[in-house]
Structures are given as structure tokens and as C-alpha cells.
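Based on the provided sequences and hints, a complete structural model is requested.
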Amino acid sequence: MPWQHKINYLIGQPIGISFTNGQGTSGKLCGTSQRKLLVIEYLYQSQFALKQYDFHMIQDISGFPSCHNQQPLY
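Counting in our numbering, the sequence shown runs from 1 upward without gaps.
Mixed in with the good hints, there may be bad ones.
Said to hold, decoys possible - Straight-line Cα separation of at most 20 Å, SDA-like style, residue types lysine to any residue; simulated pairs: (1) Lys6 x Gln34; (2) Lys36 x Gln59; (3) Lys28 x Gly63.
Honestly, the hints are just simulated from the structure, not real lab data.
Right under this line is the structure:
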């Protein structure tokens, strides 16, 4: 499924974004505006930033997996 079709299902959810340049980021999907993805990202301490990413920069978006049935790493 093209990533653009996932947007409505993922609004308000934590997502990972892979960019066409091979980099990535994660945050909470807030929506779209003028062919830009609006994502709130954690900066540090109690600071967050609303970032905008042009659709042409995005290769894919994925929702975070569930934490259910995960074994601790310690």
C-alpha cells in the first residue's frame, strides 16, 4: 500500500518515517497540510517541535508495533 494511503489511519499515532535519502525519524503524526506531513518530535527535556516534511522527501511511513508480548532485554 502506498504510504499516502496510511496517513488517515496513523494520525495521532507514533510513526517512523524513512526518507528517500536513506535517513529516518520518528514522532507522532499530527496530519498533513499542503502536501507536507506534520510530525511532532521530541527534542530534549520537555521540549517538542512540530516538523513539516514534503511528501517528495518521504519513501515510507510505518506505525509503531504493539508492545504486547515483548520480552524485556535485561
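In ascending order, which of the hints set out earlier in this document are inconsistent with the structure?
none
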